[in-house]
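Visitor: Protein chains in written order, with the numbering used here: chain X, 1 to 341; chain U, 1 to 341; chain V, 1 to 341; chain L, 1 to 341; chain W, 1 to 341; chain Z, 1 to 341.
Treat the hints with caution; some may be incorrect.
Note that identical chains are pooled: a pair holds if it fits in a single copy or bridges any two copies.
Unchecked claim - Taking lysine-lysine and the BS3-like style, the derived pairs with C-alpha atoms no more than 25 Å apart in a straight line are:
no., residue 1, residue 2
1, K155, K77
2, K268, K243
3, K243, K253
4, K100, K243
5, K20, K253
No lab work stands behind these hints, which were simulated from the structure alone.
Here the structure is a predicted model, which means the values were calculated and not measured.
6 protein chains.
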Amino acid sequence: MNVLSFGEILLRLAAPGYTKLFQKDCLESTFCGGEANVAVSLSVFGVNSQFLTKVPDNDVGIAAVNALRYFGVDTSKIIYGEGRMGLYYLEKGASQRPSKVIYDRSRSVLSLADRQDFVWEEIFEDVNWFHWTGISPALSENMANICLEACKAAKNRGITVSCDLNYRSSLWPSDKARLVMKEILSYVDICICNEEDADKALGIKTIDTDIEGGKLCDDGYVRGAEAIHSNYGCKYIATTLRKSHSASRNGWKAMIYDAEAREAFFSKEYDIQIVDRVGGGDSFAAGIIYGLINEMNNQEIVNFATAASCLKQTMEGDFNRSTVSDVMQLLTSGGNGRVQR
Amino acid sequence: MNVLSFGEILLRLAAPGYTKLFQKDCLESTFCGGEANVAVSLSVFGVNSQFLTKVPDNDVGIAAVNALRYFGVDTSKIIYGEGRMGLYYLEKGASQRPSKVIYDRSRSVLSLADRQDFVWEEIFEDVNWFHWTGISPALSENMANICLEACKAAKNRGITVSCDLNYRSSLWPSDKARLVMKEILSYVDICICNEEDADKALGIKTIDTDIEGGKLCDDGYVRGAEAIHSNYGCKYIATTLRKSHSASRNGWKAMIYDAEAREAFFSKEYDIQIVDRVGGGDSFAAGIIYGLINEMNNQEIVNFATAASCLKQTMEGDFNRSTVSDVMQLLTSGGNGRVQR
Amino acid sequence: MNVLSFGEILLRLAAPGYTKLFQKDCLESTFCGGEANVAVSLSVFGVNSQFLTKVPDNDVGIAAVNALRYFGVDTSKIIYGEGRMGLYYLEKGASQRPSKVIYDRSRSVLSLADRQDFVWEEIFEDVNWFHWTGISPALSENMANICLEACKAAKNRGITVSCDLNYRSSLWPSDKARLVMKEILSYVDICICNEEDADKALGIKTIDTDIEGGKLCDDGYVRGAEAIHSNYGCKYIATTLRKSHSASRNGWKAMIYDAEAREAFFSKEYDIQIVDRVGGGDSFAAGIIYGLINEMNNQEIVNFATAASCLKQTMEGDFNRSTVSDVMQLLTSGGNGRVQR
Amino acid sequence: MNVLSFGEILLRLAAPGYTKLFQKDCLESTFCGGEANVAVSLSVFGVNSQFLTKVPDNDVGIAAVNALRYFGVDTSKIIYGEGRMGLYYLEKGASQRPSKVIYDRSRSVLSLADRQDFVWEEIFEDVNWFHWTGISPALSENMANICLEACKAAKNRGITVSCDLNYRSSLWPSDKARLVMKEILSYVDICICNEEDADKALGIKTIDTDIEGGKLCDDGYVRGAEAIHSNYGCKYIATTLRKSHSASRNGWKAMIYDAEAREAFFSKEYDIQIVDRVGGGDSFAAGIIYGLINEMNNQEIVNFATAASCLKQTMEGDFNRSTVSDVMQLLTSGGNGRVQR
Amino acid sequence: MNVLSFGEILLRLAAPGYTKLFQKDCLESTFCGGEANVAVSLSVFGVNSQFLTKVPDNDVGIAAVNALRYFGVDTSKIIYGEGRMGLYYLEKGASQRPSKVIYDRSRSVLSLADRQDFVWEEIFEDVNWFHWTGISPALSENMANICLEACKAAKNRGITVSCDLNYRSSLWPSDKARLVMKEILSYVDICICNEEDADKALGIKTIDTDIEGGKLCDDGYVRGAEAIHSNYGCKYIATTLRKSHSASRNGWKAMIYDAEAREAFFSKEYDIQIVDRVGGGDSFAAGIIYGLINEMNNQEIVNFATAASCLKQTMEGDFNRSTVSDVMQLLTSGGNGRVQR
Amino acid sequence: MNVLSFGEILLRLAAPGYTKLFQKDCLESTFCGGEANVAVSLSVFGVNSQFLTKVPDNDVGIAAVNALRYFGVDTSKIIYGEGRMGLYYLEKGASQRPSKVIYDRSRSVLSLADRQDFVWEEIFEDVNWFHWTGISPALSENMANICLEACKAAKNRGITVSCDLNYRSSLWPSDKARLVMKEILSYVDICICNEEDADKALGIKTIDTDIEGGKLCDDGYVRGAEAIHSNYGCKYIATTLRKSHSASRNGWKAMIYDAEAREAFFSKEYDIQIVDRVGGGDSFAAGIIYGLINEMNNQEIVNFATAASCLKQTMEGDFNRSTVSDVMQLLTSGGNGRVQR
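If we strip away everything but chain X, and leave its shape as in the complex, we get (with noise of 0.2 Å):
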């Protein structure tokens, strides 16, 4: 089973510790995005993971390519090119103050990518699973286009598609947004979305949540996931229900909807003290291919994702370096935290 994940890799670059923005003198800097960070979740779950992308051809890119490789990645599919790598720069919230992030992604070598850098058709002949998110079509017209197309060829060899809506404000009004979604995710098999996801990104409402409040209806997220299903054909939606009750404590828990079952299926909601909570929603994404691949039950595989994606946000960086059994030693103690020697 070869999944391959599609998007952007992101150089990041972060202030350390609690600190402001160049109060320090040094960044910390790691190689991330978000079907970057499902790739790697992937690959350290077992699954034979593959990256599809294009990188700068200089010391940047390869450094971004190695730092996926050292999880296994398999990145012989990615494309080199001129041009400059997407980055962000990143200053982690704590208690009220919320964490920051300033893109400068404008402009990417991949965000400049033609169609024809990408055959699909020798792209995925070895591939069972196509993940992307949409952020990718946010990049820019051309890399609007290359998702459609990926996602046609897919379907027409009979691939899975799973697709984070991961909506961004600024990269693309939510009027565009919708535009170019909708087209594509009546390819899309598996939808993976929060509350603001599927109103930015597709215009469904329907969920009537209170997120300031932390209040959050499970109801609306059924509701949600059925308008999801009905207009365009997902067989899944899986949604995350993040309670911010400030930058360092977050109630987590999810809902995968199996639309062909016509049931919803929550997970428990854990309480996290956070370190570090960018990539938490694709650690999530991680976790529902996963429990899918390995056709877990509806139950088991939001209990699983949900786990996977706290114990991510209780580490550094964007990449889940959980295991498959760091998870499930997740799901029996609880979550305790009693020492493991």
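Fit chains U, V, L, W and Z to the known structure of chain X by using the hints.
Guide: Relative to the frame of chain X, chains U, V, L, W and Z by itself:
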């Protein structure tokens, strides 16, 4: 509107992270001080902020001045002389373990300053607001006289005077403090303090608090403010109400009392996961000054100052690096800590 | 009053902060070990504390000895020999993610020690108190014999013997532990343990706890202590009661049982925001020894030991660097964490 | 005497120590740039130094401005706008391994600046000296025009103009550079360059050097300076003569040619053990400007500028943090490196 | 062309900078080993490079594998088992102070490997070149047999075999080494060594050197190579000639002897300012293999390998991160160290 | 043989690497001092080494004591009192840039010590050798008297007295130094100095050196030593001869003059690539003391002391962490820097 803050700038030598002093063989070195913290916060808020002090005419003194210039503070009035930079060692507490401060500031270049060093008529030429704290007169007999002279000169020119009582038991005993502070306070328009300051520096103990238990009584604060007003004529009294649950978690709210209106205004209480609480009170003072300068109404002032000082305690270092828009964002969001992209 | 602690000193290689092992390319290197931790804590308390072990006669062994000398521990009885320093890798947990310990201590120089290495008559010449733990006999057959000999020799000379059961499943199976420990325990005056130790090392399971849920029953602890006394004749049994809410938050209290008085004394419970929990039990043992040496009453002893070990868990590293006055300050303040200037 | 330097400020992301890029997962982050380096050095020398540029109106741009303010540079003329901060990655070389610079500065906010952004009549109101370099016109067509306009406006007001040719092959080809630079150079009073700049930016190749072998011929430099003077009318031509033995050891001397006096003055040669050579040329330019402003004689000027730039290469970072007295100390001591207590 | 390197991968724990071991309380942790270094260098050169070893089946073993995957080494043949990771402590020397290595590698998981662990017929299926070193047979009796079997199997399949003699006196005495190495060397096509290896591992002492004085005689090296060829039939003998002036400065050149052509080829000598000399010999071996695989002529091969290993010694860590183009740049530039922009 | 060193222990706050003071926001913090450096070096050599000083009775003073205990120095005679720890800021030089020391040691707890603090009859009870330096009497009038008393008391008990002249111009002027030192020196058996000390502290200028140029004349040193002997009766005069080529490279050799034998012995000269030269002279003094204690012959003594102090300058920090076997290894190898495995 030019605000001049006057006081000592110190070298802070802090043990990294949650280590004990000298557990690691490096110390984090930054410059700070109750009044310098106010000057920096005001400058970051966009106010024309000047700082007056005396520093050693060597690389240590220059580095201190540079640290202020970094934030745009006008340092052109600072005096250089032979002598030493005062400093303190800081060990950051956690949970039940308190933070520890070891002062090594005696016989610093400022504490040995002469009255001739400061020609107030010239210094105040372009100044609209003068801010000082109860630390300065505690440094030496000379400094007590200098503070008195400064306040008189300010009054003469119609400059608004604010003072943070900032009682430090390691610098002087309570009876000495009261003797000195009571005389100078009659020249002060805005008095900033907490319940301990009011007691130790002014002998105003009507505030009936059980600090150890973290229980604070709003009424007592109002009565305390009234007493300060009736004794010294201050127009505004602003007090912080810290509930010290542990070194890691504090409740934080504040009050401003408008003597003319005979009315007290309380902020909401923030439940803070502490990153670095040193400088919390100073950032509150800066918030009060900012609010008054910008003619916010009383409720807005105390809301702004409390939110500003809440944010300070969620970041590393003594300085509050929060901008006005950061503070406004907290007032709007309520502190849910969602990532800002 | 000279206290001799005997056991292995290990190199601890810890991933920095909340990173996963080898996520960063450095490891924090300190020396520690259950018995060495007790020796250091006693020395910081002002007790004449000696440490006995065998270390490699190279720069690693010397560094381990130096790390103890730093705190004033008398290391003159330590033996040097050819061999390797045992070590362990530590990954600090957070929230739902548990800390992980990977031991690499097999065939260490101490585990390969001969009985001739230790001439107890000479070693004990100026010793009043002998402390060891259940880790030592688990290291090797030889070490089990050496511990038995040491306890017998101590008994002969009228030296008080304390033992922390410290069961480690990675070193020996429970049935092996019980066989060995039961024999040696009859020479022990003060037995220190938690509920798991009592079960795994002694087979005393009357403590009916549901650890995972964090529910602990005071009564069971008293019954367990009575059983230890009636089976092995120990005069004092001291147990810690940890409620592991998560890797970041623990409830912590303790009991001392005075067999002669047939009475148990419980401390208050501390709600700890964990900085580093490794060494918590050892610092408790040191607190118990300190209390008994200084002839505190039973309630004072358990209060002191619990407060001491609470503080340990709020600082980095295995060693408890808290002084007696630090502990007293916590007992007085109740742990409000206000800055000490 | 107010000196205005104009150009781009960049974020420099440097691999720590002698590691390769991304070998460690942090990057040392500082702000710099050929013209900013000059502005800082002049300010540290005590000159009234202004800096003009355009930066992004976000936390990255503000941090860049703060980095200059730290040294007392007047940043009040800096323009803020939407866009990105140019940056470069630096890998420091050692011995036979060269330093590597990877630029990511295309489409920076300054390179996209409009001619209307800079109203030279206002900008130059209080300016006596204008400094720019050949990097700025290389950034974009617009910037080439802006530089030309600036020089014309400066000339009109009788402002002295200095230019460091600073040819960068990665920004523009030699023929393009020559076309542009030749036109602007006629407005330049002081031309600063090395032998490669003179060739690539002006086509003046009379300097017959064998750079690879490190052999430089003094005579050629004089002839080159004469050619620059006769073609463009520059009054002073200052050139550095670097002998690159390896990335760790360089010979460093310089020449100033006084066109009116028709005489060249050479400094002694320093044998430098390199700490960080980036910014060496910029610190030389600052030294030349300082010498001319302070009406040193020609020999003093070239001695001062060479010593200043020698010191720069013995410290970390692009900025020359040496004071005038540091430079004088080197001129006096000859560089024996004895400890200054 | 697939090259398989076989040997132990170790954890290297290095004191930071020029500190003594345990002077600071962290150790830089990287994975390395004579054969792993070759595998990484070949992969960075673009060769299909496989690595074979046995590692512990825990987080330490996985991290070691990841460190190789980072560089694209094929790690799919690596075996996991119960046991410990060998390691060494490194203190970097400077000037007159030598680097110190303290091994803690005894009873590592590889040294305890069984002959059944390695089924050479399968392992060699897709292999064209087999590289091993004299460290492996020194680890244990088993490993000596395994190396012999491997070489025989390789010979049978017509695989080219290269061996770096790499004598380590701390692993085995010279007479034992000679006994074992002489037998295996007859299966080796390319023998890589320095003068000490040749003497200690093979007893070939015709090289008449005075190492301490740094005087090396080219002729002796040729005679030594002839002797190796005539005794063991190796087709190529490549030797490095290090002049150890101090821990900070070394002369470095090398020779390759082509037995068929009966001709020796010497590189130029590099005067290296050492950054980290560990791994210098391994990077030379990788350079030789690369040159032979790519059918360079003999002079080109020795030039390439010497330049590659010169670069290695100018960067941190055991691995040579230089690309083919980095090496070519050195060959072209001669090592003047001018900045590459 | 118990050696007591007496003097001040200081906190050293050093800018990391080759940065300027306060360029980075941390300072490396270690404890040191001319006499403490000797005490540590002797202890590392295996000598029973005691240290006497007065330190603040707070966490800073305790950390200073711990830093000495780490190396096995007997600190039981150290006095604790109210006051401050003296400190200095250090900026490490490189190449032409000199190291800078900024003292902040005035009014330290030791400089304010009373004569009653030191009861020499008790202090000297178990002492065979007393070492002090010219820094101590320079601290204050009291300390000058205390040093004189100490030397007299030592003489009375037949204790050997060694003194390193260690003239510090920042502590006292030359004429004051001469007045004081001449009186005390008559009680000194072994006088250690360099040419500047001899001149400034004793007025012995027969050493005709041109320090700036690095040219030192052996003969002059011998005549200087003879003068010291004939004026003050010292039995041995040991002098270091530093050729300061730059902050990075020094020539280093030394002489011991045996007054009884009327003969001078010179070591070889080491060409040192400096890592940290502070403490070089102190490690030389320790070497001389070690040699005399162990009854080496004069040539051996000067060889040992010079090699020891050469090694000191190749490691970080003030302390010489070299063992006797490290020194012997340098004497044997000549400093070729080959890796020790």
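Visitor: List in ascending order the numbers of the hints, as given earlier, that are violated by the structure.
Guide: none
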